[in-house]
Every structure is written in C-alpha cells, then in structure tokens.
Amino acid sequence: MFFNEFRYNLLTTLRDRHFIMWLILFPMALGSLFKAAFSDIYENDIKFSPIPTAIVQTQKDDIFKEVIRSVSKGKDALLKVTYADSAEEAEKLLKDGKVAGVITKDGTLGLTVASNGMDTTILKAFTDRYLTEEKLIKDTLEKDPMKLPALTAALKDDLKTVKKVRLTDGVSDPYITYFFNLLAMVAACSSVTGLNVVMQNQADQSPLGARKGCSPTPKLISTLAVLAGCWLTGMMCTAISVSFLAFVLKVDFGSRLGFVYLAAMMGGIMGTSMGFMIGSLVKGSYEKKNAVAMVISLGGSFLSGLMIADIKPDIMEKAPLVNALNPTAVVCDSFYYLNLDADYDRFIGKMVTMLVMTVLFTAVGFIFTRRKKYAGL
Amino acid sequence: MQVFKLFMQILKKKMPVAMIYVVLFMVLCLAFTAKGDGEMTFEESKVSIVITDNDNTAESKALTEYIGKRCRVTEPKMSKNDALYFNHISFSLTVNEGYAQKLAAGDTDDLFTEEYVHENYGAAYMENFLGEYVGCVRAAVIAGDDMSEALKSAEEAMDIDTEVKMVPADSGKMNGLESGGGFFRYLPFILISVMMYTLSAVMVAINKKEVRFRTNCSAISPVSYGGQLVAGSVTFVMAVWVLFMVLGALVRGGFDGKGWVQVLNSGVFAVASALVAVIVSLLINTEQTINIVSNVVGLAMSFMCGVFVPQSMLSDSVLAVGRFMPMYWYTKANDMLTGAELYSADKVAECIGVEAGFCIALAAVALMIFKLKVRADD
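Listed in order, the protein sequences are those of chains A and B.
Just so we're aligned: 468 in my numbering is position 22 of the first sequence, and the numbers increase by one with no gaps anywhere.
Just so we're aligned: 858 in my numbering is position 23 of the second sequence, and the numbers increase by one with no gaps anywhere.
The set of hints was computed from the structure by calculation and includes no laboratory data.
You may find that some hints are simply not true.
Capping the alpha-carbon separation at 27 Å, the derived lysine-lysine pairs in DSSO-like fashion look like this [claimed, not checked]: (1) Lys570(A) to Lys848(B); (2) Lys526(A) to Lys581(A); (3) Lys521(A) to Lys584(A); (4) Lys584(A) to Lys915(B); (5) Lys581(A) to Lys915(B); (6) Lys915(B) to Lys896(B); (7) Lys658(A) to Lys511(A); (8) Lys526(A) to Lys987(B).
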C-alpha cells in the first residue's frame, strides 16, 4: 500500500511538472545571475589590490621619486602609479574614476580624492607617513645632524613587523554566501511541495483527499507515502541545484562537495516537512497556505542574508537565537560552516538542528491532520 | 466597465491573502530601511580591529592605546573567524610576547601576528600603520630618546595630517555612499514583489480557462477587456503604493524637496511593476508556480539593477542587461537623489522619463499578449 501511494505520488508530481520545473529553474536563473554579478566583486572591491594613484610632481625631488617607486613595485605593492603632467590631467583621471586619488608634490605634499573609503584612507595614511618621516629627518637635522645617516638608514629599512596566519582553508570570497542562501531558499521553497501532502490527504481540501478519506488505506500510511514522495522531490530539486552551481557555473564549494549535497538534501527534506506542518496548521484555501509558506520562506531568506548579505552577521551577533531557529538560516549556515571551519563541529550541529526540525515539523503535521471528521463535504 | 468591476470583486475576495503579502512586505520594507539608514551618515573610514596583547608591558599598552585613538577597537560577540569573514572586523592583531624586548633591541621582525580570512584594505592599512609606528619609535631611539620618550615622539610624529582636497566625480561612490540609503533604496524590490504576489492571485482567477472562455464569447472586445484589466491593476497598485508612501512618510517624518521627487520616481516605478506583474500573470497562470516565478523575477531584477548590490560594484555586462529594466533607471535616479551619485536634475528627469516609457511599452506588450491569448482560445 505504502509503495503504491508513493509511486503514484511521484508519477503525479512528475506529470504535473510546472512547479518542479520552476523550483529547479529558480536557482539556475538566479545562480547564473549571481555568478555574472559577483564573480569580480571580491577581486576588485574587497581583496586588496594596489591603489590606482596619479602622481603630479612639479619640483624635482629624488627622494620622493624613490619612495613612490619602492611602494609601487613587487607583489606587495601599495600603489599603482600613473604619472600626470599637470594637475588638470590628474584631476580628469580622478573624475573619470580611473584613479582613487591624486598625490601632488610641489613645495609640500597634497592629496586630492573624490570619495571617502578604505582606499583613499590608505592613500592618506601613505602621505601622512611620508610627512612624518620628513619631519623626523628635519628634527634630527636640527637637533643632531650626526645621527642623520643612522636615521635615514633606519627609515629606509623594509620592516616585516607582521607575521600573517590564515584562519581558514575555505573559500574567502564573502559573496559565496549568496549561493549558500540561494540553496537555502530552494530548500525553503520545497515547503510548497509539502503543502501537497495536506491537499492530497485532507478530505475538505481536494476531491482526491475526499476519495482517499473513504478508502481502506490507513491514513498514517497514506500520508507517510505522499510525504516520502515529496521528500524525494525536495531532495532531487536541491541536489540538481547543487550540481548546476558546482559543475555548470563552477561555484567553488571547496573540497567537501559531498557534504554540501548532504546538507542541501537534508534542507530539502526539512523544507518539505515545514510545508506539511504549515498546510496542516493553516486552515482554509490552498492560496492561504501557499501565502504563509511563501511568507516564511521569503522572510527567512531575508533574515538569512539573501537580499542584504550584512543582515546575517548582524543577526549572528545581536540575535543568535533568531539565526538558530530560522530554518533557512540553519541550511545556509551548514554550507557556511562547511566552507569556513577546519573541523566539522558546527556543521554537525546544524545538521542535527535540521534533523530535529524535520522530526518536529513532521510530528506537528501528523498531529494536526489526524482524526479529522467532516459533517459534510 | 464590467471587467473592471469583476476585477474589483475578485480583489475583494482575495483581499485576506493579498494583505498577508502587503503586511510581509511592509515589515520587510521597515527592516530594509533600518538596515540601509546607517549608510546615510558619512563616517571617516576607521578600521575595526581586535587586539590581543600577549606582551602586557608599558610599550605594548602604549601601542594598543594609540591604536584605540586611530581605529575602532571592538570585541565581536561572534567567533573571530566569522567576524573576519563578514568584515565585521578588518584586522585581528596579536602583540606577540617579547614585543618590548625586541623593540628595545632594535629587532622588528614578527613583532605582531595577524590572523586573517581574506586580504582586505583594512589589513593593508594596519600593516602600513604598524610599520610606520615601529619605524618612528626606532627613529626616535636612534635620535637619542629613551624608550618612553620615543613612544611619545612616535605618536606626536604620526599625528601629522595631510591636507586633503575633495572634488566631485561622475564615477559614483560620492560622499562615501555606494548606493542611496533609506526608505527608497530597497523599495523597488518591495513594490515589484508585492505587486506580483497580490495581483497574481486576482489575475489567476480571472484567467481561469472557464472564465476566460465565457468572457471571450461575450460582446466585449479583447482590447477593451485587456485595457480594463490593466486599469484595474493600476488602480489597485496605486492604492498599495499610497499605503507604502504613508509608511515612508511616517518612517522619514515627511518628505522634503528631493523626497517628493523620490515619491514621484517610486510612483512611476509602481505602475511599471504592476504591468510586469500583469504580463507574468498572463504568461503563467497556475497558483503553485506563480509565486516562485515572482521570486525569480523580483530577486533577479533587484540584483541586476543595483538594488541589493550597488550599481558601482556591478560589472558592465550585468548593468548592460539591467538597462533594459525600469528598476535600473529607478535606482539610478534614486542614487542621484540620495547623493550616491552626482546630482543632476536633467538626468533624474531623464531616468523617470525612461521609466514612464517602459510603462507605455509594458502596457502595449500586456495588451498584445492578451490579444494573442484570446486568438489562441478561438
């Protein structure tokens, strides 16, 4: 009986494939867009690269020239320098957005910028440092000229004061969280398939439900069979989404792709169960149930950072409980921890949370759909 | 006006479901505004930094105190990995044990340890800062100061400020804002989503085969039928838009000069959103599918047109596609009105004009699709 119901549910789902098709197309379309929109942002705007700077030097100053040359060479270069013949030419480069700032060296050192940001702050720090060292030399010259050679030698030294330690072997690009959120949203949207469990088994929701209601198949088996069919559909949709992102769009999920599949499929199951629970709790038409499912999916995705990535760390810091209870955030965090952490502790924690939520949602779904009696249909 | 009346009757029946979406998006709108408002006030870029002092000497304390004056020293409530990954802190600095001894001996190698997740501008700034500080202390010691004097001299020397001139530029990112903040920034996503979710419920009911067939064989012409549907949709949309504007007025405490232009901008965009929603509802008319399509359309447009990620950060190819959507022009106008881009009244008018042009084009497309559907039914 169970397998008959299960098989027919799968066949029905596959034949009425509009929704499933969109559930699969949805991450493909948005994933392709994310790939096009975000692939260069990390390299261009977040990861440090030498700051494009225009230099206008109206007076001969060999020390300044040497300093500029030293900070614009090698793999640790601070500036990417363009020499301009006049202040007007340099300002044009600035206004066109080709350089972040203009350093002018005439009698004194000046900086012209068009915006406030970390790049222009670094430029100011550089010019400040130049002026500081210039002052130190002048002061020493006034106080004790004999010490000048030692001082200039010390200032010339390329100091390696900082030892760098990288905390993760995962993908550093913070924009990858958009892909994690996208997969989490697919899982949450699987809740719409979960609504079908109620629609197909409750006698007051559909003619099929009414027919099933008077059939000899025990309701528990019938509901479980449909739910299992929907779980399989949810798992399939999330697995296809992961495959598309990983192999077609070449999104770098790191070296633990198998676990990404596992988390995504678990998310699909949880999302479906959430739909089953919503369907059983919300009384009334399919539209109303669907609206509540979409509200929870969309609201959860917002809180998880799909629309504004900064929301996620804010909630992690200020309201961690919201993050722990939001199903979309739980799915998203499982991918995130898998990427960032060297160990599996936090990932396992999220998988256990998903499992507990699935059991809870399913149990509530069963409790609110059992032993229904209808005066008339 | 039979079809218009029918539209309103169905709308009345669907109002509870529509209100669920309206309330959701109002809440989201408030959340977006709260999140976006922080960017309205410009602050000079200060690096957020976490400091661990393993040396605990007078020298290391002097350094950490001085860093406190120049940077934002924080204690994140989340793990260090998470805070670094999400750029809540830009730099994690450990003053290594033996810092004071090494400094006195003139040994400057590995005085500090930096833990990082990705290389960012904040880290580059701090590396330069620490190098400068240590260099200045060393120079002061060479110049004859003892260590406590050298620390003070270094701080004094580093307090020099370069004179910075600021010029306006056409390339965006004006005033430190990468995109206009406040109520109107995320409004296009809210408007297009609320229109699609709410209108689709009505349109699906009107477009049901049986209803459509019955209307097709009535005396009403397809153009009149389609026109009345568009009129009904626009009426509903304007009502929803007014609701959101009232919310906006409450949140912002009213509108000023440029604020009213933003209101106009959003009004024209609301009509364009309604027409997009009508077209989608005409093409897809199953209840199950339409919500997920609404998600795709709303999110895709918002990402492509610079609502969620500023236009100045998007690649040229993405923006080239975005130009064919009204949301791009809304965002461009809004960026100028909020100071994220150089303001030009002509350019703002041009953007709103393009949006109005999209409205006419979308209305024509909606009527054409409707006519084609009627013909296909025949």
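For a C-alpha distance cap of 27 Å, please report whether Lys526(A) and Lys987(B) respect it. Violated, because 33 Å separates the two Cα atoms, which is more than 27 Å.
Does the alpha-carbon distance linking Lys570(A) and Lys848(B) stay inside the 27 Å limit? violated, 63 Å
Assess, step by step, whether the Cα of Lys521(A) is no farther than 27 Å from the Cα of Lys584(A), and give holds or violated. violated, 32 Å
So if I understand the rule, the pair passes when the alpha-carbon distance is 27 Å or less; does Lys584(A) with Lys915(B) pass? violated, 42 Å
Between the alpha carbons of Lys915(B) and Lys896(B), is the straight-line distance 27 Å or under? Holds. Lys915(B) to Lys896(B) sits at ~22 Å (cutoff 27 Å).
Please work out if Lys658(A) and Lys511(A) have their alpha carbons no farther apart than 27 Å. Distance ~86 Å between Lys658(A) and Lys511(A) Cα, so the pair is violated.
Verify the proposed pairing of Lys526(A) with Lys581(A), using a straight-line Cα cut of 27 Å. This hinted pair holds, its Cα atoms lying about 26 Å apart.
Satisfaction of hint between Lys915(B) and Lys581(A), Cα-Cα up to 27 Å: Status violated; Cα separation ~38 Å.
Of the numbered hints given earlier, the model fails hints 1, 3, 4, 5, 7 and 8; all others are met.
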